[in-house]
Every structure is written in structure tokens, then in C-alpha cells.
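Chain by chain, the residues:
2 protein chains.
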Amino acid sequence: ESLSSQIKASETILKYGIPDRGPDIRVYDNHILSYDQAKKTPVWVAEYITKGNIDGPADRRKIKFKSDPNVQSQFSAENSDYLGSGWSRGHMAPAGDNKHSQEAMKQSFYLSNILPQNLENNGGFWNRLEMYCRDLTKKYKGVRIFSGPLVLPTTDENGLHYVKYPVIGKNEVSVPTHLYKVIIIENDKSEPLGLGAFIVPNQPIGYEHHLKDFQVDLKQLERSSGIIFTPKLDTVKIPDLCQIDSCDLMKRDKFELYMIGRKLQGARTLKYLEKVWSEIETKNLTPDNYLINLYNSRKLELTYEEKVKRKCSVKI
Amino acid sequence: ESLSSQIKASETILKYGIPDRGPDIRVYDNHILSYDQAKKTPVWVAEYITKGNIDGPADRRKIKFKSDPNVQSQFSAENSDYLGSGWSRGHMAPAGDNKHSQEAMKQSFYLSNILPQNLENNGGFWNRLEMYCRDLTKKYKGVRIFSGPLVLPTTDENGLHYVKYPVIGKNEVSVPTHLYKVIIIENDKSEPLGLGAFIVPNQPIGYEHHLKDFQVDLKQLERSSGIIFTPKLDTVKIPDLCQIDSCDLMKRDKFELYMIGRKLQGARTLKYLEKVWSEIETKNLTPDNYLINLYNSRKLELTYEEKVKRKCSVKI
Ligand SMILES: [Mg+2]
Ligand SMILES: [Mg+2]
Chain F
82 ESLSSQIKAS
92 ETILKYGIPD
102 RGPDIRVYDN
112 HILSYDQAKK
122 TPVWVAEYIT
132 KGNIDGPADR
142 RKIKFKSDPN
152 VQSQFSAENS
162 DYLGSGWSRG
172 HMAPAGDNKH
182 SQEAMKQSFY
192 LSNILPQNLE
202 NNGGFWNRLE
212 MYCRDLTKKY
222 KGVRIFSGPL
232 VLPTTDENGL
242 HYVKYPVIGK
252 NEVSVPTHLY
262 KVIIIENDKS
272 EPLGLGAFIV
282 PNQPIGYEHH
292 LKDFQVDLKQ
302 LERSSGIIFT
312 PKLDTVKIPD
322 LCQIDSCDLM
332 KRDKFELYMI
342 GRKLQGARTL
352 KYLEKVWSEI
362 ETKNLTPDNY
372 LINLYNSRKL
382 ELTYEEKVKR
392 KCSVKI
Chain D
82 ESLSSQIKAS
92 ETILKYGIPD
102 RGPDIRVYDN
112 HILSYDQAKK
122 TPVWVAEYIT
132 KGNIDGPADR
142 RKIKFKSDPN
152 VQSQFSAENS
162 DYLGSGWSRG
172 HMAPAGDNKH
182 SQEAMKQSFY
192 LSNILPQNLE
202 NNGGFWNRLE
212 MYCRDLTKKY
222 KGVRIFSGPL
232 VLPTTDENGL
242 HYVKYPVIGK
252 NEVSVPTHLY
262 KVIIIENDKS
272 EPLGLGAFIV
282 PNQPIGYEHH
292 LKDFQVDLKQ
302 LERSSGIIFT
312 PKLDTVKIPD
322 LCQIDSCDLM
332 KRDKFELYMI
342 GRKLQGARTL
352 KYLEKVWSEI
362 ETKNLTPDNY
372 LINLYNSRKL
382 ELTYEEKVKR
392 KCSVKI
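Residue numbers (my numbering), protein chains in the order written: chain F, 82 to 397; chain D, 82 to 397.
Read the hints as simulated data drawn from the structure, not as lab findings.
Cβ atoms here follow ideal geometry from the backbone N, Cα and C, with glycine treated the same way.
Zero decoy hints are in this set.
With a straight-line cut-off of 27 Å between C-alpha atoms, the simulated DSSO-like cross-links for lysine-lysine are: (1) F/Lys388 - F/Lys143; (2) D/Lys187 - F/Lys89; (3) F/Lys300 - D/Lys147; (4) D/Lys300 - F/Lys147; (5) F/Lys245 - D/Lys251; (6) D/Lys313 - F/Lys89; (7) D/Lys300 - D/Lys313; (8) F/Lys96 - D/Lys313; (9) D/Lys96 - F/Lys187; (10) F/Lys89 - D/Lys132; (11) D/Lys318 - D/Lys270; (12) D/Lys219 - F/Lys89.
To be clear about the criterion: a stretch of chain F counts as covered by chain D if any three or more of its residues have a C-beta under 8 Å from a C-beta of chain D, and this derived list gives those stretches: (13) 92-99; (14) 102-113; (15) 120-127; (16) 245-253; (17) 293-305; (18) 308-322.
Whenever a hint applies, use it, and build me the whole structure from the sequences.
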């Protein structure tokens, strides 16, 4: 009786349908997300990565950020919201988790998977956290990841608790105060082996912090975000990820050499190549043979390309 | 093929279920709402009111605010969050829309239907807006209402757009910057006759403003809230409520006399009764016969009650 009267109430009160905040989930080739039509950012983005999907030929240089064609335009972020805002476009499902498929990587550049992220954080600490997740696939069969934004309160000089965050562009995209990640590693039987929850301020983090500095109890993240991430899994019994594995992110020198390597690969002019290479000296780094060889071969390639170009432009 | 690969992706990526932000809708006897587990307030509250459900014997004095027993305690607001916070407990589905049923009224006092509202706004402008909605049922067969909170950006002295709002209590209940209402009136065939959307700052409003000062285009409210309120209704063709009806709220004098009447009815001591009655003079109001009779009869009742009480307390 109570149920049928509730159904009757629904039919009367919601005669014109359930107020719609968009689909609960949006499914892509290699990630699934829930999108916040008010904030114009994801709520959560889920991934399952293995050795298999983080390696492959997909090339991010062929891809541009774009509004998600699946999101209604009135609720969509646009590139113009981000450009000149002072905030970078931060992936939640990282491009680098989609190396196996150009299409999957393309989908990771939809703005439904993006939020306004501090540039140094995006390229630095958060990047190293993403690399740590990918490294876990070398040791564990699968890695389950949930990423997303938070707006957390602070306390002002009068002891008042309040939430404050910028919005950018004409679509008023919300800039989160923090980003979260839940990481679950799985054993060969695909059983959960370790779980860690992390809340990282959307600010420059630098190299002084260990990942554990940002570890929180999953319950705390659930309360702040309003989300139970794995409703069908009793997470209480799962050991702490940072006890099972190290939670050590890549060290500064190694990371900076890695980033220089990526920039050398991406260099399109000799001038830029030399500028990148000079970072080795200014940052007081010691390149390994791989990097020296990479520099030399890119130098040869670009020298040849620029010679050809000069000749052609003279001829034309 | 694309669909089946998406289903496969869902099964793998969301092996432990869809991240859960609570049920999409929560159905009560006379209202339906969606609850924000992160903000600990409703997202939207829907009602359909008629002459039939705004009249009756239900008595709000027998009811106390309480946490919604249907909301998981980790996501629930509590009375202690509100008490001493400086913010009142503001109904979205008003208690006064549930006079036909004590049970429905009781449900309207669940904190899932409540948000932190400026006290003057709650008892004043917003109250008058709710009374206006009830008055509409005298002229129109049905009135459809959606109410809820918004956090809207402001611009600081440097031209920066940001959102700022307090959170209260240990559960960090979000205090909205604004409240919204969508009102649809229906004709005798239950067809939509007029629609108005309003965004009211969560501040004292006073009597200087007309309701139209807060009217917005429904599209604007949809974009800010991320909600399409009536997905099965083409709202574009529906005339403006304030053109069809007046959107005139009750005038100051009439409203203050009405509020005094309610306080007289609720008075439990002679002292309080006299204090309320003295407002007539200090506010320079002219009571009508109904109010004068109400005052006199309450005075007789309370005089008698207090006499009895004195006698009894002497005896015991
Ligand atoms: Mg990134
Ligand atoms: Mg109220």
C-alpha cells in the first residue's frame, strides 16, 4: 500500500518526468564517468588499467581537447573557458592510460574528463601519481582507479568554515580546491590486494611531499564527496596500499630527466631542442645514455628537416 | 558492437558497482526530492499542490525537525549542525503545503527537505512566496513547484569570479548563496497555463522587492543548477506566470497581521500573548475583527489555564 501510494505520488508530482541532471554514467572505451552539469566537470572518473592498455602506439600529439559531443551544449565546458584562465586542462583518466588505442585516448581529451588544474600540479605531482599508478600494473594484474574533484571548506581568521573556489570562462567551470584518487591493486585472481585514498590540494606540490602525506581514510573521502565508490565491495578489510606497495612516487631527478626525454621527442625545431637540452645543465641533472642518444638522433633528424625546408622555401 | 564493447567496459571498469551518490529520487507522501550526499541538503524538491492538500488539521507544533531516517547516517545532516549556526532550518517543501496529513507534514520536517536559510528570508520573503503558491491553488486546479539551493559565483574587486559559501556543523552542511523556485500553474484540464522561475538570494529581502525582481529565464536556472526540471514538457511555449497571474506577494501590513495571528494561536502564556499583541502598536498596524476576537478568546483561555495551573501547583 505504501509503495503503491508512493508510485501514485511519483506519477502526480513528477508528471513531466524526473528532474534530469544527465545520465548517471557515461561510458567510453577505457573510462567511465559521471558528469556534473552544474559544475561542468566530472564528478568521478573510473578506470581499470593493466599492462595491456597503458602501452601502445596511440599519439597524443594528434589529439586536441574538445567539448564532449555527448554532453548537451548548455551544460558543456569549452576550450575557451580554460584558455587564458590561468588554469590548465587536467585529465582525470590520464591520456597516458590509453596508449593502446587512439580512439580511447581521443575520448580522454573530451572536456567531460577534464577539470581546471593548477599547471605545476598537473605536470608535476599529479603526473607522478599517475605514473605511479601505471607502474603498479607491472607488479599487479590490475589497477582500479577513481579520480575526481572536491571543493573542501577552509577556516577563516574568525573561525568561520566556508568553501571558496573560482569559476572560469563564460560557462563558469568550477575550479576544485582539491583532487582525489582512490587506487585499488588486484592480485592474479583479480581480488583486491590493497587500497589507498588520497586528497591532493589543487596547488603546486613540489617534491617535498610523499604521497602518504595526502592519504586519507576512504570513509573521510566518501563523506566529503558524497560518493560510495565501490558499493559491491567491502573495503574495510582491504589492506593499506601504502603498506603493500611503497606509494613512492618517482624521485625528482629521474622525473625531470623523464620529462626532458618527452620534450626532446616532441621537439619540432632545433632551437627548441637545444633549449630543452640546456635544462640538463641548469637543473644540474646527469643524463643517461638513452637520453644522450635520443638528443643526438633528434638533432640529426631536425637538422635534416630544417635543411630540406630551407631549400624548398627558396625554390617556391 | 560499440554498445556491447561499452557493456564489457562497464563490467570490467565498474566491477564493484556504479559509484553511488544515493538514490536519484526519494519519494515521500506529498513531495519527492533528490538529495546531495556531499552538501547534505536537497538538490531539488518537487511538489504538486491543490486546494485539497494545503487545508486540513495537521499540526506542526507536534512535529520536530529530525534527520531523515532514509538517508545513510554518514551523509546525513543533524539538528546539531543547525543549532547555534546562525542559520535557520528552511523547508523546501513547506510544512504548510501538508495540512491534509500529519504524516506528510512530519516528512517535510526531515532534514533531507531542509537547508540552511537566512532567518529573515525564511520567515519573510520566502514565506510570502510559499503563501503565494498556496494562494494560486484557489485560482488554478494544480500548482507544480520545484525548490532548491544554488551556489552562484560573485565577482571580487579584482574581477575574479568565484563561489563562496559557509558550511555549518560537524557534518559541514552547505549554506546556499541562493534559493530557486520553479512554479507551474495548471488549468482545469491539468495543462500548463503559466511558468515562472525565480532565484532569490539567501539573505534578508525585506518588503521593497517585487517577486518579479528575482524572476529569471528557466534556461538560466537550468544552466546554473545543471537540472532540466520537466524533461517531458516543452517549457518554451508556456506563458510567463507573472503575465497570467500577478506574482504579487502579500503586502507588508496584511502579512504582519497574519504572522501575529499565527503567533497568537501558538501562544502558551499570557505574557507571550501580550508581547505579541503589543506588536500591533509598535508596528503601527490595524487589526481586523478576526484578530481582535482571536486575541480576546486566547486571553480568556490562557487566563483560565494559568489559574488552574496555580491552584494545582499549590495543592501538590
Ligand atoms: Mg594531467
Ligand atoms: Mg520556511
